[in-house]
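Q: Each chain, written out:
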Amino acid sequence: MSERPDPETLLRRARGEEERANRAKLRIFFGFAPGVGKTFAMLESARRLVGQGVDVVVGAVETHGRKETEALLEGLEILPRKKVPYRGRELEELDLDAALARRPELLLLDELAHTNVPGSRHKKRWQDVLELLEAGIEVHTTLNVQHVESLNDVVAQITHVLVRETVPDSLLERADEIELVDIPPEELLERLSEGKVYLGDQAARAGQSFFRRGNLLALRELALRRTAERVDADVQTYREEHGVTDPWPSGERILVCIGPSPGSSRLVRAARRMAAGLRAPWVAAYVEVAGVAPIGQAARQRLDGHLRLAESLGATTVRLTGVKVSDALLVYARKHNVTRIVIGKPTHPRIRDLVRGSLLDEVVRGSGDVDVHVISGDEARPDGAREGKPVVGPVTEPQRYFSAIGVIALTTLIAAAIARVAPLPDVEMLYLVGVMVCAVSFGRHASILAAGLAVAAYDFFFVPPHHTFAVADARYILTFAMMFAVGIVISALTHRIRRQESEALAREERTRALYDLSRDLAGAYGDARIAEITARHASDSFGGTVAIYLPEDGGTVKAAAAWPVGGRIDPNDIGVVKWALEHGRPAGRGTDTLPGAGTFCTPIRAGAEPLGVIALVSGAPDALRPDEQGLVEALGRQAGFALDRTRLAEQARQSALAAKAEELRSSLLSSVSHDLRTPLAAITGAATTLRDETGLAADVRSDLLGTICEEAERLERLVSNLLDMTRLESGRVRLNEEWVPLEEVVGTALSRLDSRLRDHVVTTELEPDLPLVSIDPILIEQLLVNLLENAAKYTPPGTEVTIAARMTDGELALDVLDRGPGVPAGQEEKVFERFYRGTHTVSGAGLGLPICRAIARAHDGTLDVVARDGGGAVFRLRIPQPESRPSVPPEAPQEQP
Amino acid sequence: MTQDGPLVLLVEDEAPLRKFLRASLSSHGYRLLEAQNANEGMQLLTTHKPELVVLDLGLPDRDGIDFTREIRGFTDIPIIVVSARGKEEDKVLALDAGADDYLTKPFGVQELLARLRVARRHAGRARGTPPAQVFEAGPIKIDFTRREVTVDGREVHLTPTEYKMLALLAQNAGRVLTHRQILKDVWGPAYVAHPHYVRVHMAELRKKVEADPARPKWIVTEPGVGYRFRDRAQP
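These protein sequence lines map, in sequence, to chains A and B. Mapping of the first sequence onto the working numbering: position 201 corresponds to residue 201, and the numbering continues sequentially without gaps. Mapping of the second sequence onto the working numbering: position 4 corresponds to residue 4, and the numbering continues sequentially without gaps.
Just so you know, these hints were derived from the structure itself, not from any lab. On a predicted model such as this, the values are computed, not experimentally measured, just so you know. Be aware that one or more of the hints could be misleading.
To give an idea of the interface, some chain A residues facing chain B are shown, with a C-beta separation under 7 Å as derived from the structure [unchecked claim]: (1) E716; (2) W739; (3) E744; (4) G747; (5) E781; (6) P886.
Idealized CB from N, CA, C, for every residue including glycine.
Working from the sequences, and respecting the hints, build out all of it.
A: Encoded structure:
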């Protein structure tokens with residue numbers, strides 16, 4: 001052990017400190033029994049804080065009519081309770097939303113273990129507390145030792161009162177301060193006899209037996225010990241923070257093996273106590289044995305309960321799969337450096353161990369360095385044979401037995417019939433076939449029955465003396481035994497194969513669901529597409545309706561996709577969606593939060609921030625099992641990665657655009673300065689000459705004035721081009737696509753260029769029945785103007801320029817053809833580059849064609865140039881057109897003349 | 001410089017432009033009121049009752065389209081808006097808000113004078129000069145009483161819609177009409193969202209009255225804005 005804590009510990013602590021500094025405080029007033037004065041202590045401390053100027057609000061405090069307590073409440077702000085109708089009565093409950101809206105610095109909430117009235121947002125008050133803390137509100141609350149989850153069973157053993165309202169230990173660990181409220185048991189008993197103690201419902205039912213002095217002493221010790229543990233932990237933190245050498249025998253890791261049997265909860269709690277005592281991480285494992293029938297519905301629910309319990313007590317839970325429980329456990333233990341294995345004491349008869357081997361023995365033998373703790377109360381073996389039901393046809397258990405009897409009867413008849421024709425030497429083989437049929441068709445139990453019946457029937461009908469169970473030849477006994485054994489083995493093997501098959505199938509289905517989703521998502525781009533794919537896959541896996549919600553600005557959510565298309569979730573469940581999104585945790589049906597909702601919601605996330613929510617309205621009547629919820633969450637993660645990818649790609653695109661725009665700006669500045677200065681110089685020169693030189697001849701004056709006008713126009717064109725280019729290149733141009741007759745656009749372009757095209761022969765060849773085209777008329781006009789201007793500049797006067805247009809394959813094909821020198825071979829792409837000029841004798845910034853191409857691209861179209869047959873160039877514009885066209889414009893409605 | 005020429009209110013924040021307009025308009029007999037922003041403009045408008053307004057849409061203190069709408073709220077004084085190229089949407093909005101015409105910067109003085117002339121003429125007509133019974137522009141002649149159109153003396157047959165459009169354009173000769181204004185007038189207010197109606201019928205109309213429909217001489221397209229029947233007085 002080094003002098004200084006290792007970096008990871010430091011890092012963790014730094015993170016923890018940061019979290020602690022930012023997060024709201026939780027203070028628990030902790031007592032060993034009702035009546036010790038927790039509420040009193042809490043209120044007293046609250047009053048002191050009010051005196052110090054802290055904004056304190058009472059969320060829920062029960063005075064139980066005690067005058068001293070009531071007196072303490074006076075002058076404190078009390079949040080009005082929410083009235084919740086429940087079974088015809090109106091119950092009062094903490095108004096969580098009001099508390100969140102009021103946002104006091106400190107909220108007082110009595111009875112941390114309180115169970116909320118059904119229909120509240122959370123099942124338990126401690127969940128309300130977590131939400132309050134998350135919202136940054138400090139909470140002071142009270143708690144009795146018997147409500148602490150990990151101590152629950154110990155308390156029950158001491159007092160014989162089982163308390164159902166429990167609080168996870170993680171909450172006690174989350175608490176920033178735990179204040180023990182303690183009085184001697186004698187004093188408590190005195191107060192009880194004076195009637196000063198209000199008994200909770202449960203304790204009242206248990207009556208006086210709970211308040212026996214022995215019980216109270218034991219409970220007090222528990223409470224003191226729990227607090228001391230906490231103090232230990234604080235000391236530990238302190239030691240770490242101050243570099244005090246760590247006395248902790250580090251590296252402990254505990255593995256507890258649990259199963260569906262009811263005793264497993266005790267194992268979990270025992271492991272948790274051990275883990276807490278050792279300050280060690282712990283793992284709760286359940287081993288699924290390949291080849292054993294899956295456990296029944298009831299058992300599965302119990303098992304899920306145990307796993308959830310373990311999770312709530314701070315364990316990591318794993319489901320292992322293996323041929324043998326012991327091997328699976330030991331492999332896991334070795335791989336994960338487990339130092340202690342906690343396992344249940346066997347409760348089954350010893351004979352079974354002789355037949356099937358003892359799990360305990362195997363674990364102890366194979367454990368090596370690992371300590372094995374055997375604890376009473378549970379048997380870890382997942383007992384398929386006892387609890388599971390074979391997966392067979394949809395017949396009930398009695399039906400299967402009758403069917404098995406029928407099969408053996410039939411076998412007997414067939415055997416008898418054959419024996420009548422020709423004596424059959426191996427009738428027993430025929431019976432084995434029957435047993436096998438039973439094993440395949442009716443499951444394990446029925447096939448064992450069939451094996452027994454087969455032996456009996458064989459004995460009765462075919463072993464001399466016939467029609468009695470007596471056996472003449474003792475050798476037959478061996479035959480019977482072998483026959484029965486073979487029958488059992490067949491049934492077991494058949495059964496195991498079926499089991500493996502169905503398990504493999506289920507696992508394969510889960511894997512395939514995930515694989516299919518990730519494959520489909522791999523090619524998907526854009527939120528809507530990803531949402532749709534995810535919804536479809538989730539719906540395929542679970543049936544029912546799936547909707548994907550994505551957050552919108554302003555704290556609302558919108559359904560990005562639903563499957564089946566048009567499917568919806570109950571509008572009342574939008575709250576669940578929002579909760580899941582805000583808190584990044586599953587909520588709704590089958591979870592602890594808003595379980596009354598019909599929808600199960602789980603966040604879609606890639607990193608810490610939820611990116612959306614999968615909302616699932618299951619087609620099945622049952623709520624989703626935890627493993628199914630796990631699959632939905634896994635689907636959510638896949639979707640999260642895909643959404644994240646889309647966002648990153650979008651960001652990359654944006655920054656690439658920004659970089660490109662930046663590059664353009666700088667190259668523009670350098671290249672264009674020359675083009676800007678030339679006309680400016682001409683204008684300045686002409687203007688100053690006109691101002692300063694008196695006595696200029698009239699024709700010189702008019703010449704100079706003409707220069708000013710021409711150069712100003714040139715400057716104007718240049719600036720317009722620059723602006724167009726920058727706008728188009730920035731990708732910020734919004735297309736105003738409209739349905740227009742192309743001749744109108746061509747006509748406008750020609751009108752604008754009237755003077756500059758004066759020296760050329762311009763012809764238009766528009767297809768006669770050219771329909772309306774969907775384009776941005778202003779941009780396409782600009783494109784035409786640039787192309788025609790180019791033609792005017794680069795082709796000799798007197799040559800022909802043609803504009804031709806037609807529709808081909810759903811595309812608008814617009815060509816501008818000239819009879820000029822054409823574009824030099826190899827330069828076909830270069831002419832579309834910015835600042836490229838064919839010859840330096842021609843003026844212009846070399847922006848005309850790049851602008852044209854940018855306009856074409858903005859229309860999802862193309863523009864290129866090819867050599868024209870017979871000399872010249874053809875600029876070819878292609879713009880895809882929508883399939884549907886607008887209706888034929890009607891004549892205007894006629895009013896009466 | 002006359003003392004009783006038409007009074008023009010010029011709302012323009014750029015001093016060089018004001019200077020140029022002052023010089024050119026004064027020399028053509030107009031009197032000028034100059035405002036640097038909308039507030040000043042509104043003050044001068046209410047105190048001096050000018051005959052015309054030339055309004056730059058890019059004012060520093062408020063939105064020019066909004067300002068146009070406010071002026072239209074109490075007077076139908078002709079308003080000519082001035083804006084930069086590439087702001088066609090603004091022009092359409094201003095015209096639909098009640099402006100009479102627009103000019104795109106940079107513009108020549110001849111262009112401005114033509115717009116002012118047309119605006120004054122239409123304002124005069126609105127004040128009571130009876131509309132002409134017959135309209136003539138180049139080869140095109142429209143007889144409004146007989147609903148008859150001739151080109152170079154030959155009668156052309158127009159559909160009722162084409163006739164209505166042509167009549168509307170002719171009555172507003174020299175002025176730009178937006179797609180919306182034409183749709184509202186010819187089809188009715190319910191049709192203003194279908195600009196392609198106008199475009200298709202306009203193409204047909206041009207084929208009947210223009211000598212070369214590919215290069216229309218009389219019914220000219222104002223890109224992104226609408227159409228204008230070229231005025232006799234215009235170049």
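Q: Each of the hints needs a verdict: does it hold here or not?
A: Hint check results:
| no. | hint | result |
| --- | --- | --- |
| 1 | E716 | 6 Å, holds |
| 2 | W739 | 4 Å, holds |
| 3 | E744 | 6 Å, holds |
| 4 | G747 | 5 Å, holds |
| 5 | E781 | 5 Å, holds |
| 6 | P886 | 6 Å, holds |
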